[in-house]
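Using the sequences and the hints given, assemble the complete structure.
Protein sequences appear in the order of chains A and B.
What the first sequence shows, in this note's numbering, is residues 1 to 284, in sequence order.
What the second sequence shows, in this note's numbering, is residues 1 to 1168, in sequence order.
FYI, nobody ran anything at the bench for these hints, they're computed from the structure.
Please read all numbers here as calculations on a predicted model, not as lab measurements.
Worth double-checking, as some hints may not be accurate.
Said to hold, decoys possible - Quick look at which bits of chain B chain A covers, simulated, 3 or more residues with Cβ under 8 Å: (1) 39-46; (2) 76-86; (3) 96-109; (4) 376-384.
What the hints assert, rightly or not - Pairs of lysine-lysine residues, derived as BS3-like cross-links and limited to a Cα-Cα distance of at most 25 Å, are as follows: (5) B:K161 <-> B:K171; (6) A:K164 <-> B:K76; (7) A:K190 <-> B:K275; (8) B:K112 <-> B:K76; (9) B:K941 <-> B:K356; (10) B:K941 <-> B:K972; (11) B:K275 <-> A:K191; (12) B:K275 <-> A:K195; (13) B:K35 <-> A:K164; (14) B:K1075 <-> A:K53; (15) A:K124 <-> B:K35; (16) B:K375 <-> B:K352; (17) B:K275 <-> A:K73; (18) B:K1075 <-> A:K72; (19) A:K72 <-> B:K278.
Glycine residues also receive a C-beta, built at the ideal position from the N, C-alpha and C atoms.
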Amino acid sequence: MVSIKFPKPDEGYAVLVDLDKCIGCRACQLACKDWNGRPAEKTVFTGTLTSPKSLTADDWKVVFYYEGATTKKLLTPAGEVAFSQFDMAFLPYNCLHCAAAPCARACPVGAIKVTGEGAVVINKDECIGCGYCETACPYDVPKRGSDGKYYKCTFCVDRIQNGKLPACVEVCPTNVFTFGPAKDVMELAKKEQEKGRVVYGLEASSYVGGSVRWIYVTSERRSFAVKQHFTDKTPRSAQEIRELLKPVTIYGGAALAASLAVLGLAAWRRYRTEEKKTKLEEES
Amino acid sequence: MTVSVGRRGFLKIAGLASLALGIGTEAQVPFKSGKAVWELGEIGGKVDLPKASIMPVICPYCSVGCSIDMYTSGGKIIWSHGSVDSPLNFGALCPKGKAAFQLVENELRLTKPLIRTGPKPPPEEILSAKSWDELVSIIKKYPPKWREATWDEAFQYIASKLATILSEWRKATGAPKQKDGYYYVGKDVPVQIIGSSILVNEEAYLSKKLATFLGTSNMDSQFRKCHSSTVSSLAVTYGWGAETASNEDLALADVVLFWSSPAEAHPLSFTYFLKGKKERGTIFITFDPRYSRTAAASDIWVPFRPGTDAAILLYFLHYAFYEREPPIDQLDEFKRLRTRWNITDDDLADLKELLKEYDAQTVSSISGVPVDLLKTVARIYVENSGVVTNHKKHGIIQWAMGLTQHTNATINIIRAAALVQLLLGNVGYPGGGTHPFRGHSNVQGATDMQGSGVEGLPGYHGFPASTFEIRLYQDWKLQGMPDAWSWSVPQWARDRFSTTAPDLGKADLSKVLQVFKFYGWRRFELAWGMFCGTVPEDDPVNGTVVCDFPMGTGTTEVMFPRRALAKEIRAAIIFGENPAVTNPNAKIIMAGLASLDLLVVSDIFETETAWFADVVLPAASFAEKEGTRTNGNRTIQWTYRAVPPKGDARPDYWIVTKLYQYLRRAGAVLLPSEAAGVKKEDVKFRKSGKLVFVYERPLKPDSSWDYSGGLGKSTPISPIEAEVNPRIINKEINFTTLIYQGIYDPIRDEFTTMRRIAQFRKPGQIDGTFSQEFRVYKDWGWSWPMNVRFLYNYDSLKAVLGVVDKVSAAGKEWVVTGETGEWIDEVTGEYKPAFVPGHNYWVPRSFKRRLSGMADVFGGLDIMHFVKTGEVRIMGKFVVEEGGEVKVLTYDEFVGKTGMRYLWVNDTLYWDEETTSLKAAAKRPFFSGGDWRSFKQNYQKMRDLLGQYYQQSGSLKDATLKVIQEMGGWYKGYNFQWPIHTEPVEAPIPELAVKYPTLAWLNPYNLQVLQDQPSVVQGKNVGVALTPDDLKQVPGELVVITSNRLTEHWHSGAMSRNVPYLAELVPEPFVYVPKKLAEKLGIKPGDLVDVITLRGSLRMKAYVTDGEAYLQVNGSELPVVNVIWAFSFEGYTTGPQGNFLNPDVGDVVTTIQESKAWIGKIKKAEAV
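Put into structure tokens, the structure is as follows:
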């Protein structure tokens, strides 16, 4: 039994993801695959550009496409004009590297490392494929590979530890990602927030440690992408976990906690799988 | 440990578990802490990285020209990233650039020459297919059944087949002997050469050279189908068909009108666009029926009906002249610039008369853009223009295929864009100009190297159009290769050659353009060891015409398939291009390819085109060869070889050169000069009424194909390059192609395109102030012409910054007002400003030459010898007059007198105020005819007649043919100086089709399509539906159909569908369906739909979105659908081919296909 030491949220590194700069090209998605030696997946078109439709063991970063209607304000020679138009926004997505990553806490074998840089890394060689990390993750990140092990973004730990930017940050044609010391990035995010831009990740739930290391910022115009992304899918499970955990935080019993956590999550995961199955059956 | 608990049990345990998941910065986990540090590349298996060697390779995809650092180890690429030092991509890449390494390391690569053993699909069967699926099943019945071969075997096979085809043809026609001389009529030679905009310049150049040696002008490339209309329209308006400024300049715009989707097709250009937005609040407006990723980055999205671009652009001018106060023609800056545009009061009145009818209401009902929106965007654009703001602000018009691929692109659409920019004072000033973004990494270069394909020699020196022109050329040679100002049009030619300045001492545009042509011919005669002129040389009027350059223009890629079906073209050699997918009307192109007696394809993958081939040659990929690529802004960069070619694959420069040698040995090549028995040229000048013998030039055509070896900086980089060395070819281009002169510095033995200095120049240096103030990287690569980055930048230093720049160079002080470019001085050998005071319309075409009347080009330098050895051997002599006496001097004697030691480097060309002050051609650039006001009545008559006959017969086709017959032609009397709106061939609203008749029928090729020619296509449904009446029998909802591609796929898809990473992102094509239409038809996202045109039906999945135009046009609802076109039946991922749906009608000037506005029906697919 050892302890994981999470660096303080403002220690280590963080990334500011500016959606207003993103042109949805997906170079980041491929750079990630390329650097990490992940093979191409066979996909099919399902009615959206998002491909594959979620993160996978071979796609640790996926750009999500969202549609909405927004009001665009524009200063013209004849004064300000406001347009209400259809809009589309792009959200490059990968592990957010939570300040106190639930996945790392859930891993029964300690295969998920948290480095001084703040990178939350599944060490492939130690992973036993139990899936607790996937269950614990409120953001739908860790995914099971064909070898039975779990995979996700490593924050390009082997790059940032060697003085290089993460591959997706380096490749981006429009500088969507600002990588830097967490303190600076968080400050930058706060400033953007003060300017009236929408920020996600600076004040996340306490379940993930209060903040994450990949922080999104967007103008009001494209904020629908953040809203849809983080309310539609992931927070549902996050919420569930949080609620399940709430009443029992008062109990002590640290010694048994870890193994019980494993048990509990395994059970919860199984329940979720069954629930999904039933739902599918009902639908068909 | 197995756990089995129910929901209740789970809750209990989960409760306890929370302790472990308690919030905190520390948590207890079992076992060891293990790993905390990773080595670079450890996770993805790239541990060899520290040992890897790095080579900068220019990206093969779009035209931005990004540089990719390839990390190689053991002959393989193990990692790649954008070159950090490149000011085009500064370390970044788009997904295609990122995945480009998979073009090299790919299991599907061709590694051996292949010879077909299976039968080809019969053309008739192909033509009869009713749907895409049916077509695929027909084609798949006839697989090629390849047999692997050696290079020798493959070359022998091709050479013997082609020699047979050509000998038969020569025997039957007597060519190259003609009744008035010896030459090939280029279009009659039954061979088509195609490709490619993906080749490096050195390869594209050789492909043109090969075509020329075969005597064919049936030579074309992808540029035909991308930007031929851009080139033709801009070139006649401004002087050059190129994008006017560099990528850096995009950041200086105040408004950008996006007429394509660069966020998708040219992602790295967005770096500069967004820089402008950040620094100066640039307003982005996207015109697109589809909500593209560029629209998503824009401030305003303007969905409109495809094919109505000209109407919208004309409204911009209508606003400027009629709605704004005061009208722009009352502004001082407009008045100042008018003289440079060549617009008289009369012209202006004419233009305004035309613009009057394009008011907001009219244009709205044509285009489907609401009046308010139209007014807003026009106001934004005009108010931010150069003439209105006195060059404080400028706007850019950016476009790609959305504007170019229309039957009226050259004359209406792009011409309108060119005029909007010109008249708003946006051309030649920072943050302005026209930005037609090219699609291929070397499409600009291939166009340059192939002289627009069918039209001429490298560098746009057009082919001879008649024997008259060759006689005139011979006379020009006798005058001592004079510049336009020193050229006197001979008396015998004056009634046939139209010029306002026939005499010595003066020049006009006609003379300038004619001399530019002659000058090019001369360079190629010398470098290729050929002959063109008369025999004897001193009798241009009565001598026999003998010319090794093909006569006349040839068959474009779009026209080629129907000529192949008619058996007029029997063989084709295609380099790195996939017309089976990129050509319009899939059945026509596939049937055309299948009907050839010999099809040779050189490519890196087995493409759809290769499916129809007799021989497939394995080509080297972009990272396995070296040479230069010219990006979309004319910046030429050297691309290095990172790894050796896979298997037996070879670079195309090697393939073309070897192929020539085999063809020559087999007797496929017979030059007209050989048929005429001409072995040498006696170079003579007329001087003071006397004929002076200058020197004898032996013809050595075969020696010009010896590209082996190489010395100094041209030392071959590998055994392959020792056989065919692209560096020698590059040096040859420097000496043959005027606009590329400067890619090699012969004095310093430097390939200037290898320069990688990402710094601004400093004041005092040539273009130092320009570079620094407008933030242009002048020492990154080299740009044509003469390292000019910013075309027509004549006075922007003065007009924008209020400064005049002084430059000391080559021992003189130069005062300049714009970007001048640089040029080696013939006396000092140093660089000096080229175009003084700045670059303007028509330079460098409008050059002056100090050696006019005195010496052959480059003084008669043995170009072939120099490019191979670096040794200066002057074969020519110098004819001077001294005290009324004519003397013939040697080079040394001449240099002794004049000091022009480096005349063999620059041929003593120079540009002064006279040469730089030629005006833009804002009027009458095309055909003869009256002005707008006198044409207007004819126009009305034509529309009335068309309407009348259409009502009578109910068939627009019949009505059209009747009007042509009755009026003696189509659009009779229209001279195309001013653009108008004309409908696409396939018009959704008959009322508009009659009111704005299509221009298409001006071109005889289009009439062939209309009338189902040649006979083999009759009754095959490969024609056009002129109105919805022609689709009455087809079920479904009427839609306007247009096509597009996406970030992730590229053209035919051969280079993206075969790249697994890209295929993952977009695995199959789809069709954008407006949500409103989808709801009406019960179509859900991802459902299969049938899209049906007159050519047949195609089944694709639907992308249902509100981001697709659903318009009100002429009072009725009209939905638009967008089809993704980059797919077909071969490769890693496949899908229905968008170009199955479109017709093969083309632009009336260039025949670029109508890929953007068709009509058809859509319906939900019935379950299979």
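Verification of the hints:
| no. | hint | verdict |
| --- | --- | --- |
| 1 | 39-46 | holds (count 8) |
| 2 | 76-86 | holds (count 4) |
| 3 | 96-109 | holds (count 4) |
| 4 | 376-384 | holds (count 5) |
| 5 | B:K161 <-> B:K171 | 15 Å, holds |
| 6 | A:K164 <-> B:K76 | 23 Å, holds |
| 7 | A:K190 <-> B:K275 | 23 Å, holds |
| 8 | B:K112 <-> B:K76 | 19 Å, holds |
| 9 | B:K941 <-> B:K356 | 19 Å, holds |
| 10 | B:K941 <-> B:K972 | 10 Å, holds |
| 11 | B:K275 <-> A:K191 | 21 Å, holds |
| 12 | B:K275 <-> A:K195 | 20 Å, holds |
| 13 | B:K35 <-> A:K164 | 20 Å, holds |
| 14 | B:K1075 <-> A:K53 | 21 Å, holds |
| 15 | A:K124 <-> B:K35 | 11 Å, holds |
| 16 | B:K375 <-> B:K352 | 18 Å, holds |
| 17 | B:K275 <-> A:K73 | 20 Å, holds |
| 18 | B:K1075 <-> A:K72 | 21 Å, holds |
| 19 | A:K72 <-> B:K278 | 17 Å, holds |
Of the numbered hints given earlier, the model fails none.
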